[in-house]
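Visitor: Chains as they are written, first to last, in my numbering: chain A, 128 to 417; chain B, -12 to 133.
No lab work stands behind these hints: they were computed from the structure. Misleading hints may appear alongside valid ones.
Unchecked claim - Label pairs and their in silico Cβ distance ranges:
| id | chain 1 | residue 1 | chain 2 | residue 2 | range |
| --- | --- | --- | --- | --- | --- |
| 1 | A | Gln366 | B | Asn68 | 50 to 56 Å |
| 2 | A | Asp130 | B | Asp13 | 31 to 37 Å |
| 3 | A | Glu393 | B | Asp69 | 27 to 33 Å |
| 4 | A | Asp245 | B | Ser132 | 38 to 44 Å |
| 5 | A | Trp381 | B | Asp109 | 36 to 42 Å |
| 6 | A | Ser228 | B | Ile127 | 32 to 38 Å |
| 7 | B | Ile127 | A | Asp340 | 56 to 62 Å |
| 8 | B | Ser48 | A | Leu391 | 51 to 57 Å |
| 9 | B | Lys115 | A | Thr387 | 25 to 31 Å |
| 10 | A | Trp381 | B | Ala85 | 54 to 60 Å |
| 11 | B | Pro79 | A | Thr163 | 52 to 58 Å |
| 12 | B | Leu105 | A | Asp245 | 25 to 31 Å |
| 13 | A | Ser228 | B | Glu106 | 36 to 42 Å |
| 14 | A | Gln260 | B | Arg24 | 25 to 31 Å |
No residue lacks a Cβ here, since even glycine has one placed at the ideal position from N, Cα and C.
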Amino acid sequence: MNDTNSLFESAKLGDRRALARLLSLLEEGHASPVETGIGDSIGVTGPPGVGKSTLIGKLIDEWLSRGETVAVLAIDPSSPQTGGALLGDRMRMMNADSSDSVYVRSLATRNHPGGLMDCLTPMVDVLCACGWQHVVLETVGAGQSEIRVVAFADRIILVDGPDRGDVVQAEKAGIMELADMIVINKSDLPNAQRAAEAVKSALSAGSDTNTPDVLLVSAHNSTGISELVDSMSKLESSQDRERLRIRERLISAWDSMLLTSELLDESIHAIETGRMTLRQAVEHIRDNSD
Amino acid sequence: MRIVVAKPGLDGHDRGAKVIARALRDGGHEVIYTGLRRTPQEIVRIVTDEDAAAVGLSTLSGAHNVLIPKVCDGLREAGLNDVVVFAGGIIPEHDRSALQEQGVRAIFGPGSTTKNILEFLDMISSRKESSDPVGVGEEIGWYWSE
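So here's chain B without its partners, still in its complex pose (with noise of 0.2 Å):
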C-alpha cells in the first residue's frame, strides 16, 4: 500500500512518526514521510500527488481536534473518499469519538505496537477487497479496535 505519514501543524517532535514510517516500510509498504510541520492542504495536495491509499497524522501537540478535521476535510473537497486516514501521538480518550465521526478509522497511542498498525493495514486490505467502507469520505461506522 501506498502510505503518506505527515505531520501536521506546528509540532516539532516526529521520532514516533519515523518509527511508524519505518515499521510500515518493514511491513512491506512504501511510505511517503511528509517532514514536519505541514499544512492540512499540503498534506491533501501531497496525498493526492502522490496517489497514496492511506495516510497516517501524528500530533503530539494538542491540536489533533483542529487539524485532523481539516484535513479529512481537504481529502472529502478533493474527491478523495477512499483514502483511509488514521491518527497517533498523544489523543485523549475524550477527544477519540469526534475525530472517529470525521472518518477517522483507528488511532493509536502510546502503548500501540508497530504490529497493531500492520494488523491495522491488513484490515483495511480485506475490507477493501470485499468493499466496505473504510475511506474518509465512506460510511462512517467501522472503526479499528485492538
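Isolated chain A, as found in the complex (with noise of 0.2 Å):
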C-alpha cells in the first residue's frame, strides 16, 4: 500500500489515510502521481502571534458554511540541533477535526533549505487534484526562510497585528513585496486602525501602483471574515508579484543543489585549506555537478 498511484486513486475517492500516506511519501521525496504545477495555493504568512492559525480556523467555519472543502499545510520550523519540531497549529484550529470537508496536514521544515520546498508542490498539486477546492500554506514569516517557504504559493496574504512595530519588520523581512493582500488582525483591539493606516502609507510609498488591498479583520470575535472569504476568491496576483516569487523559488532550487552536491563537502574542505576561493568552489560545483 505503498505504490503512490495507489494511493492517489484511493485518495481521490476521500480515503483520508491513503492521502496522509501519500504527502509522507512525498515529503521523503518520492515521485508525485500527478503532473507537476497543476496545484494552486493561498499562502498566509505573518510574524509569530498575529493569530494566523487562529485566523486560517475562522476561515474554515466560513468555507465549510459555503459548502467549500479546505486543505491547511501549517508548516513549523525543525529544530536545527536535535531535528525535531513542535508542530502545534492545529490546536488553534480545532473546529476542523470533525468535519470531512477538512483536512490539516502539519509539516516541518526538517531543515532542508529547498528541501521542503521540492515536496510542497507535488503536496498541493495532490490535494488540489484530489478535489480539495482551497489549499492553504500557513508558515511564520519570521525570516528569509520562511518567505522562501510561502513563495511556493500561487497568492499571498499577509497577516499582521496591532501595536507591533512590525511594518518596518515586515519591511526589512522583503514580504511586503510579495504580499497579494494585508490582513491586520485584532481589529477589537484598540489601535488596528492606525496599524491598518501605517501599513497603507508604507505601501503608497513604493513606485507600485498594483498595491495589495489591506483588510481589517477579527479572529476572535469573527468580524470581517466572510469579508475577507469573498476578496480572497478573487483575489490576483501581479506580475511584479509574481516575478518576486519565482526569483525566491529560484534561490531555494538553486539553495537545494548547492546543499544536496556530493561536491559540498569537498568544496568547504578546499576552501578551508586555501586551495580554493569561495568564487572557485561556486564555479567547480556549478559547472561539475549533474
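Put the complex together from the two separate chains, hints included.
Guide: Structure representation (C-alpha cells):
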C-alpha cells in the first residue's frame, strides 16, 4: 500500500489515510503521481503571535458554511540542533477535526533549505487533484527562509496585528513586497485602525501602482471574516509579485542544489585549506554537478 | 518519528502534556500537539491526517478507563493497527493491566522521567525494525517496563 499511484487513487475517493500516507511519501522525496504545477494555493504568513492559525480556523468555518472544502499545510521550523519539531498549529483550528470537508497536515521544515520546497509543490498538486477546493500554506513569516517557503504559494496573504511595530520588520524581511493582500488581525484591539493606516501609507510610498488591499479583521470576534473570504476568492497576484516569487523559488532551488551536491564537503574542505576561493568553489560545484 | 500528543476528555490541565511534547521534540521527534478537550474521534482523525506513528494520551481526570479504550478502538476501526499508543498522567496501578490489554504499550506516571519516554520510543523503533508487534492492533503481550 506504499505505491504512490494506488494511494492517489484511494485518496481521490476520499480515503484520508491514503492521502496522509501519500503526503508522507512525497515529503520523503517520492515522485508525484500527478502532473507538476496543476495545484493552486494561498500562502498565509506573518510574524509569530498575530493570530494566523486562529484566523485560518475562522476561514475554515466560513468556507464550510459555504459548502466548500479546504486543506491546510501548516509549516513550522524544525530545531536545528535536534531535528525535532513541535507542531502546534492545529490546536488553534480545533473546529477542523470533525468535518470531512477539512484536512489539516502539520509539516516540519526538516532543516533542508530547499528540501521542503521540493515536496511542497507536489503536495499542493495532489491535494488539488483530490478535489480540495482551497489549499492553504501556513508559515511563520519571521525570516528569509520562511519567505522562501511561502513564495511557493500562488497568492500570498500577510497577516499582521496592531501595536507590534512590525510594519518596518515586515518591510525589512521583504514579505510586504510579496504579499497580494495584507490583513490586520485583532481589529477588536485599540490601534488596529492605526496599524492598517501605517501599512497603507508604507505601501503607497513605493512606485508600484498595483498595491495590495489592506483588510481589518478580528479572528477573535469573527468580524470581517466573510468579507475576507469574498476578497480572497477574487484575489489576483500582480506580474511584479509573481516575478519576485519566482525569484525566491529559483533561489530555493539553487540552495537545494548546492546543499545536496556531492561536491559540497570537498569544496568546503578546499576553501578551508586555501586550495580554492569561494568563487572557485561555486564554479566548481556549478560546473560539475549533474 | 511523528507523534501526536493528545489530551482526551474534559480535563483542563496540560502542563504535563506540554512538557512531554517539548521533551519529545528535543529527542528529535516531530510532535503534533492537539490542545485540550479532544474527543476520541477527533484524536483518531488527527492521527490519521497527520500520518503519525504514535500517539501519547495524557489524562489527569480519572476518565482514562473510558477514553483510552475508545481511542484504541477508534484507531483499530480506522485501520491504523500499526500506530503505537502510550499514556501518561494519573493512572492508578490497578487500572493499568486493562489498558495494556487494549493495546496501550506504556503508561508513564508521576516519577517517570522524559528520558524514560525517549527510551521507550527508541525501543519502539527497534521493535518496528525487527517487525515485533508494537501497534494498537497488533498482538498484545509486549509492554514497556523501565
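Visitor: Given a hinted range of 27 to 33 Å, is it respected by the beta-carbon distance of Glu393 of chain A and Asp69 of chain B?
Guide: Taking Cβ atoms as reference, Glu393 of chain A and Asp69 of chain B lie about 41 Å apart, which means the hint is violated.
Visitor: Against the range 36 to 42 Å, how does the distance between the Cβ atoms of Trp381 of chain A and Asp109 of chain B compare: consistent or not?
Guide: Roughly 37 Å apart at Cβ, these two residues keep to the hinted range, so it holds.
Visitor: Evaluate the given range 52 to 58 Å for the C-beta pair formed by Pro79 of chain B and Thr163 of chain A.
Guide: Taking Cβ atoms as reference, Pro79 of chain B and Thr163 of chain A lie about 55 Å apart, which means the hint holds.
Visitor: Between the beta carbons of Asp130 of chain A and Asp13 of chain B, is the distance compatible with 31 to 37 Å?
Guide: holds (35 Å)
Visitor: Quick one: are Ser228 of chain A and Ile127 of chain B within 32 to 38 Å, going by C-beta?
Guide: Since Ser228 of chain A and Ile127 of chain B have Cβ atoms about 36 Å apart, the given range 32 to 38 Å holds.
Visitor: Is the distance from the Cβ of Asp245 of chain A to the Cβ of Ser132 of chain B consistent with 38 to 44 Å?
Guide: At 42 Å between Cβs, range holds.
Visitor: Taking the Cβ atom of Trp381 of chain A and the Cβ atom of Ala85 of chain B, is their distance within the range 54 to 60 Å?
Guide: Cβ of Trp381 of chain A to Cβ of Ala85 of chain B: about 57 Å, so the range 54 to 60 Å holds.
Visitor: Lying within 50 to 56 Å: is that true of the beta-carbon distance Gln366 of chain A to Asn68 of chain B?
Guide: Taking Cβ atoms as reference, Gln366 of chain A and Asn68 of chain B lie about 52 Å apart, which means the hint holds.
Visitor: That 36 to 42 Å hint for Ser228 of chain A and Glu106 of chain B (C-beta), does it hold up?
Guide: Holds, at about 41 Å.
Visitor: CB of Ile127 of chain B to CB of Asp340 of chain A, is that within 56 to 62 Å?
Guide: holds (58 Å)
Visitor: Should the hint that Ser48 of chain B and Leu391 of chain A are 51 to 57 Å apart at their CB atoms be regarded as holding?
Guide: Since the Cβ atoms of Ser48 of chain B and Leu391 of chain A sit about 52 Å apart, the hinted range of 51 to 57 Å holds.
Visitor: Lying within 25 to 31 Å: is that true of the beta-carbon distance Lys115 of chain B to Thr387 of chain A?
Guide: Given range 25 to 31 Å: holds, Cβ gap about 28 Å.
When each numbered hint is compared with the structure, a violation occurs for hint 3 only.
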